[in-house]
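Trainee: The primary structure of each chain is shown beneath.
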Amino acid sequence: MRKLLFGLVTWVSAVTAAHMALNVNWSVIMNDRLPLDKRKLNVAYIPVT
Amino acid sequence: MTDYISAYSQSGQLFVPRLFQGFPEIKEALMSNKMQAAFMVAPMAIALRAQGVPVKIVYLGHRYGSAVVVRKDGPVKTFADLRGRIVAIPSRFSDERLILFKAAHDNGMDARALHMVEMAPPDVAGALAAGAIDAFSMGEPFPSQAEMAGFGRVLFHARQYWPDYISCVLVVRQDVIEHRPEAVQMLVDGIARSGLWLEDGTRREAHRVHASDFVGRYYYRQNPSLLRWALTKPIDRVMYEPLSPRRRDFELIVRLMRETGVLDHDIPFEEYVDTRFAEGASGMTPWKYEAGSNTAQ
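Residue numbers (my numbering), protein chains in the order written: chain A, 42 to 90; chain B, 2 to 298.
Keep in mind that a hint or two might mislead.
Stated by the list, open to error - Straight line, CA to CA, 25 Å or less: simulated SDA-like cross-link-like pairs of lysine to any residue:
1. B:Lys35 with A:Trp67
2. A:Lys44 with A:Ala55
3. B:Lys234 with B:Glu291
4. B:Lys73 with B:Pro182
5. A:Lys79 with B:Tyr9
6. A:Lys79 with B:Pro182
7. B:Lys289 with B:Thr233
8. B:Lys35 with A:Met61
9. B:Lys35 with B:Arg50
10. B:Lys35 with A:Pro88
11. B:Lys35 with A:Leu63
12. B:Lys35 with A:Ala55
13. A:Lys79 with B:Val177
14. B:Lys234 with B:Arg259
15. B:Lys78 with B:Ala105
16. B:Lys289 with B:Arg218
17. A:Lys79 with B:Asp176
18. B:Lys35 with A:Asn66
19. B:Lys234 with B:Asp176
20. B:Lys35 with A:Leu75
21. A:Lys79 with B:Lys73
22. B:Lys35 with A:His60
23. B:Lys35 with B:Pro55
24. A:Lys79 with B:Ala150
25. A:Lys79 with B:Ser33
As the list claims (entries may be wrong) - Okay, the calculated bits of chain A under chain B, using three or more residues with CB under 8 Å as the criterion:
26. 53-61
27. 75-86
Read the hints as simulated data drawn from the structure, not as lab findings.
Every residue, glycine too, gets a C-beta built ideally from N, C-alpha and C.
Work out the full structure: start from the sequences and follow the hints.
Mentor: Pasting the structure below:
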């Protein structure tokens with residue numbers, strides 16, 4: 042049972058870490074936490090020239 | 002592109018780029034202040050301002066780079082053959098729609114004889130391949146996508162009917178212009194330098210090939226060979242200079258918008274364009290950056 046629980050926690054942690062590394066845009070999150078006057082501008086674009 | 006190169010410069014990242022898949026979503030994000038600036042089609046920016054949304058155009062994204070594409074093996078051989086057919090456009094408020102009106106006028110036709118439908122840009126090439134539409138009027142790289150895949154043929158490029166054609170413009174919220182003009186200037190300067198880098202004399206083609214690679218991979222999430230096609234076949238298919246907003250270009254767009262029923266009153270140039278940032282960027286030089294380098298100046 043302990044082995045199963047350990048495996049489950051390891052698996053969930055690994056998937057969470059991979060998700061946070063690959064899918065989360067940290068520059069956006071960190072930028073949005075800055076005071077307004079220090080924030081970089083968020084600039085929207087679409088994949089067309 | 003500016004984001005990628007500036008990250009290697011001393012000033013570091015100048016802004017935070019955010020990928021969207023359609024113009025209506027960009028409009029909403031701009032209005033709700035989720036985005037402080039955006040690249041969008043010029044008529045949409047003008048219409049937003051005319052509706053009282055506090056935004057202004059400060060710079061262009063590029064010149065040219067839009068085309069009308071039909072099926073290679075289809076029945077449409079000339080513009081007149083588009084009569085009664087389904088043509089996809091990115092938005093009612095787009096230069097890609099206006100160019101159809103301009104081309105129709107020059108061919109002695111009424112553009113209302115075309116059945117125009119709005120479609121998100123990434124969907125048009127697939128729709129043409131599947132036969133769901135007969136043609137599309139769209140910015141690059143979607144004309145290139147249809148050409149590269151072998152099922153599409155460019156009926157005409159926008160410049161054929163519209164010299165100095167512009168489509169994509171940089172729009173900034175008025176409150177940001179008022180309270181953080183230095184941030185706006187930094188953004189415009191970076192874009193100006195990127196444009197000059199893409200048009201940089203003998204390095205022009207090499208820079209465009211390199212830009213296709215990193216923009217395709219990291220920003221557009223598209224096959225880099227597609228962007229390479231769009232930026233080099235021919236080399237002036239999309240141009241990145243001059244990018245200063247010119248009064249006569251925008252007054253033509255306003256006139257066409259009025260004539261085609263998407264703008265109900267005239268709007269003076271100064272009300273929707275702020276030229277001071279373009280003027281501030283006029284002395285800029287191209288980025289000093291080459292492929293594989295880890296510094297940019």
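Trainee: Please check whether the stretch 75-86 of chain A has three or more residues whose CB lies within less than 8 Å of a CB on chain B.
Mentor: Holds, because 7 residues of the stretch 75-86 of chain A bring their Cβ atoms closer than 8 Å to Cβ atoms of chain B.
Trainee: Taking 25 Å as the top limit, are the C-alpha atoms of Lys78 (chain B) and Ala105 (chain B) close enough?
Mentor: holds (15 Å)
Trainee: Given the hinted pair Lys35 (chain B) and Met61 (chain A), is their alpha-carbon gap at most 25 Å?
Mentor: holds (22 Å)
Trainee: Within a Cα-Cα threshold of 25 Å, do Lys79 (chain A) and Pro182 (chain B) meet the stated pairing?
Mentor: Satisfied, since the Cα-Cα distance of roughly 13 Å is no more than 25 Å.
Trainee: Are the Cα atoms of Lys35 (chain B) and Pro88 (chain A) separated by 25 Å or less?
Mentor: Distance of about 19 Å is within 25 Å: holds.
Trainee: Hinted pair, alpha-carbon criterion (25 Å max): Lys35 (chain B), Arg50 (chain B). Please report holds or violated.
Mentor: holds (18 Å)
Trainee: For the pair supplied as a hint, Lys35 (chain B) and Asn66 (chain A), is the alpha-carbon distance within the 25 Å limit?
Mentor: holds (15 Å)
Trainee: Is the Cα-Cα distance between Lys79 (chain A) and Tyr9 (chain B) 25 Å or less?
Mentor: holds (20 Å)
Trainee: CA of Lys35 (chain B) to CA of Trp67 (chain A), is that 25 Å or under?
Mentor: holds (16 Å)
Trainee: Holds or violated: Lys234 (chain B) and Asp176 (chain B), Cα atoms, limit 25 Å.
Mentor: violated (40 Å)
Trainee: State whether the coverage of the stretch 53-61 of chain A by chain B holds or is violated, taking the criterion as 3 or more residues with Cβ-Cβ distances under 8 Å.
Mentor: violated (count 0)
Trainee: What's the verdict on Lys79 (chain A) and Lys73 (chain B), does the C-alpha distance respect the 25 Å limit or exceed it?
Mentor: violated (52 Å)
Hint violations for this structure: numbers 4, 12, 14, 19, 21, 24, 26, all remaining hints satisfied.
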